[in-house]
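What follows is the residue order along each chain.
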Amino acid sequence: MTEPFELDVRPILRDGGEPFGAIMGAVSGLEAGQALMLIAPFRPEPLFRVMESKGFGFTATALDGGDWQVLFTPEPVGSDSAAAVARDSNPDNWPEPVHYLDCSEMDPPEPMVQILATLETMQAGEVLFALLHREPVFLFPELETRGHAWAGDFDAEGTAYRLMVRAGGRG
Amino acid sequence: MQMATISRWTLTYFGVALAALVVALALMAAGFGYPHVALFAPETLIVVHLVVVGWLSLLMLGALIQFLPVLVGRELALPRLAPVALGLIVAGLLLLLAGFGALADWPWVSADLAPLGGLVIIAGFAVAAVMLFATLLRASSLALPAGFVAVALMSALVATLLGDNLAAALSGLIGGDFAVALVTHGVALHAGFGLGGWLTLAAMGVSYRLVSMFLISPERKGFVPRLAFVAAVAALAMLCAVLGVLVASNAPWPLGLGLAGLLGLVSLAAYAGDVVILYRGRRRPALELHMAAAVGAFVMLGVGTVAVVVAGSMGSEAGLAAAVQVLALGWLGGLGLAMLYKIVPFLTWLECFAPQMGRMQTPRVQDLVRERRARHWYALYFAMVAVGGLGMAAGWTGVVQVAAGGQLAAVLLIMHQLWRARTLRDLPAQWQDQPGPRLLRSALRPRSLI
Chain V
1 MTEPFELDVR
11 PILRDGGEPF
21 GAIMGAVSGL
31 EAGQALMLIA
41 PFRPEPLFRV
51 MESKGFGFTA
61 TALDGGDWQV
71 LFTPEPVGSD
81 SAAAVARDSN
91 PDNWPEPVHY
101 LDCSEMDPPE
111 PMVQILATLE
121 TMQAGEVLFA
131 LLHREPVFLF
141 PELETRGHAW
151 AGDFDAEGTA
161 YRLMVRAGGR
171 G
Chain C
1 MQMATISRWT
11 LTYFGVALAA
21 LVVALALMAA
31 GFGYPHVALF
41 APETLIVVHL
51 VVVGWLSLLM
61 LGALIQFLPV
71 LVGRELALPR
81 LAPVALGLIV
91 AGLLLLLAGF
101 GALADWPWVS
111 ADLAPLGGLV
121 IIAGFAVAAV
131 MLFATLLRAS
141 SLALPAGFVA
151 VALMSALVAT
161 LLGDNLAAAL
171 SGLIGGDFAV
181 ALVTHGVALH
191 AGFGLGGWLT
201 LAAMGVSYRL
211 VSMFLISPER
221 KGFVPRLAFV
231 AAVAALAMLC
241 AVLGVLVASN
251 APWPLGLGLA
261 GLLGLVSLAA
271 YAGDVVILYR
281 GRRRPALELH
291 MAAAVGAFVM
301 LGVGTVAVVV
311 AGSMGSEAGL
321 AAAVQVLALG
331 WLGGLGLAML
341 YKIVPFLTWL
351 ECFAPQMGRM
361 QTPRVQDLVR
371 ERRARHWYAL
381 YFAMVAVGGL
391 GMAAGWTGVV
401 QVAAGGQLAA
411 VLLIMHQLWR
421 ARTLRDLPAQ
431 WQDQPGPRLL
441 RSALRPRSLI
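Same order as they appear, the protein sequences are chains V and C. By the working numbering, the letter at position 33 of the first sequence is numbered 33, and the numbering carries on one by one without gaps. By the working numbering, the letter at position 249 of the second sequence is numbered 249, and the numbering carries on one by one without gaps.
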């Protein structure tokens, strides 16, 4: 097993620098399965969420003198851990959509019907992309009730709403 | 989280509002109020307030508690206040009408009930405003339609406050030069804040979004809608200045009132231009009935506005009364009736079929209604509003009564269609077994067959 890569950000902080870039640089330089050992002058809470979303679990240990040592360990892919859930909630990590729906010319509530009908045919984890005329505010409660995850925004001109839905495991 | 759900009390508001409209039209058809008595006779005040507070304001508030969350993409704040506001406004309206009745020498009632009723109405509007403003404050940014609604709500509060002072002056609770000045010059302001600032601005804001949504037409952005908004706000600010002059010096300020009117016209012209562009830019060629009927309301807005200007410059009381009637019943009431034909089936459809969507075949929203039947009643309604306006301008009292009767018939027939939609009576045979929702109150969670 590879030794953890060690990064001490205390000198950077002492010089008034911002260590985030160095940490991200170290993370991208890790080998597959390699852990990151971080030493900081405080418990780096905000970093935990960031690393979770990148698929790392962590163990934080207090050192003498108020410093902290944190071991970030990559979680095995497909695990049910909190880190995997956090990674899944980030649409950047979703798979490519298997369905593309253009609902921009449909009368409300037809887009809603089409999207939900398509979702019924999909496996859990598969992703649907839909183009709409506007934000489907009445669809969202129904997506939530059925356990689907979604993310959406308007395009630059504000004329089309782009929606990604990832099918959830249905009950 | 951007989300909207069914508002539980909207249909209750609609039901009470329609009941007030039916009573008002029945009174008019029976020859109650202007033109059988003077324009400011108590009987006229009863009919006018039934229409403006009972019908139009409750209709607008009921629509806003459903629609404002859709506008801002947030759930309604403090939804428990919705029945409180409704109860207060209805109770206040009944007290106000009883107070007006006392002025017309009805037995057992006191004129003091009018300012008391006004106070209760103020409380009702204040409760509604708290709920709606709290919802607006949840939004991360306010789109133009929401801006219209925010200004309209403030105008509603001014209109009710001013109205209560008028009621106090009329009932003799306050006297002196101020009361005389208020009764002489304050009515135009009260109507301006109520019909203009509150109801017309709210209708403009809501329709900017609804028309674009229902016609699948690109939303209006840029200079023209901004002009409509800024000019409307400036017109309201002028009205406030005129009110300030009246309060400070007991004197009218005709120039200020004229400027407010001019700014109002600029706003309406910009709005009318936008509506035309929205209709022309629509992606669906065929108009559904609610959008076709809305054209009738927009025409009434144009006709009524021109009539106000013409009658105002001629100093014709009958002309002004006719113009205001066309604006209240044709523009605001007509737009409301038109939108109800979409909103009621849509909410009913959501309530009954949302849980089944995608899992089994669900009907279309249009399957809940029969447009071929209902369109005659909408045509009848707008025709009768036009005839009533003409009759009122010409002083033909019999024509006004017949036209009110015709409107009453049309409204009852439209209500029958809405009732059929709500109770799922027009659904095709394959969904005949679908249980219908409660008539006037939506379920908290959409009901499910499964």
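Treat the hints with care, since some could be wrong.
Stated by the list, open to error - Restraint ranges, calculated between C-beta atoms of paired labels, are given here:
#	chain 1	residue 1	chain 2	residue 2	range
1	C	R283	V	N90	20 to 26 angstroms
2	V	F42	C	R441	23 to 29 angstroms
3	C	T184	V	S104	44 to 50 angstroms
4	C	R284	V	A22	52 to 58 angstroms
5	C	L265	V	Y100	44 to 50 angstroms
6	C	A292	V	N90	43 to 49 angstroms
7	C	A237	V	T159	30 to 36 angstroms
8	V	R162	C	R283	41 to 47 angstroms
9	V	P97	C	R441	37 to 43 angstroms
10	V	A156	C	R283	38 to 44 angstroms
11	V	T159	C	L265	28 to 34 angstroms
12	V	T159	C	A134	26 to 32 angstroms
13	V	A22	C	Y279	23 to 29 angstroms
To be verified - Now the stretches of chain V that chain C is said to cover, found in silico as 3 or more residues with beta-carbon under 8 angstroms:
#	stretch
14	110 to 120
15	136 to 148
What the hints assert, rightly or not - Computed, partial: chain C to chain V, Cβ under 8 angstroms:
#	residue
16	T5
17	M213
18	I216
19	R283
20	R284
21	L287
22	V399
23	V402
Derived from the structure by calculation, the hints contain no laboratory data. By construction, the Cβ of each residue, glycine as well, lies at the ideal position given by its N, Cα and C atoms.
Checked hints:
1. R283/C / N90/V: 20 to 26 angstroms: Violated: the Cβ-Cβ distance is about 34 angstroms, outside 20 to 26 angstroms.
2. F42/V / R441/C: 23 to 29 angstroms: 55 angstroms, violated
3. T184/C / S104/V: 44 to 50 angstroms: Because 56 angstroms falls outside the window, the suggested range is violated.
4. R284/C / A22/V: 52 to 58 angstroms: Taking Cβ atoms as reference, R284/C and A22/V lie about 56 angstroms apart, which means the hint holds.
5. L265/C / Y100/V: 44 to 50 angstroms: 48 angstroms, holds
6. A292/C / N90/V: 43 to 49 angstroms: 46 angstroms, holds
7. A237/C / T159/V: 30 to 36 angstroms: Given a distance of about 33 angstroms, which is inside 30 to 36 angstroms, the answer is holds.
8. R162/V / R283/C: 41 to 47 angstroms: Given about 18 angstroms between the Cβ atoms, the range is violated.
9. P97/V / R441/C: 37 to 43 angstroms: Cβ of P97/V to Cβ of R441/C: about 40 angstroms, so the range 37 to 43 angstroms holds.
10. A156/V / R283/C: 38 to 44 angstroms: 20 angstroms, violated
11. T159/V / L265/C: 28 to 34 angstroms: Holds - the Cβ-Cβ distance for T159/V and L265/C, about 31 angstroms, lies within 28 to 34 angstroms.
12. T159/V / A134/C: 26 to 32 angstroms: Cβ of T159/V to Cβ of A134/C: about 30 angstroms, so the range 26 to 32 angstroms holds.
13. A22/V / Y279/C: 23 to 29 angstroms: Check failed, 59 angstroms falls outside 23 to 29 angstroms.
14. 110 to 120: Result for this restraint: holds, n = 9.
15. 136 to 148: Result for this restraint: holds, n = 7.
16. T5: 5 angstroms, holds
17. M213: The hint holds - M213/C has a Cβ within 8 angstroms of chain V, the shortest such distance being about 7 angstroms.
18. I216: 6 angstroms, holds
19. R283: Hint holds; R283/C Cβ to chain V Cβ min 6 angstroms, cut 8 angstroms.
20. R284: This hint holds: R284/C lies near chain V, its Cβ roughly 7 angstroms from the closest one there, short of 8 angstroms.
21. L287: This interface hint is violated because 12 angstroms lies over the 8 angstroms limit.
22. V399: 40 angstroms, violated
23. V402: V402/C check fails; min Cβ-Cβ to chain V is 39 angstroms, beyond 8 angstroms.
This entry does not satisfy hints 1, 2, 3, 8, 10, 13, 21, 22 and 23, going by the numbered hints stated previously.
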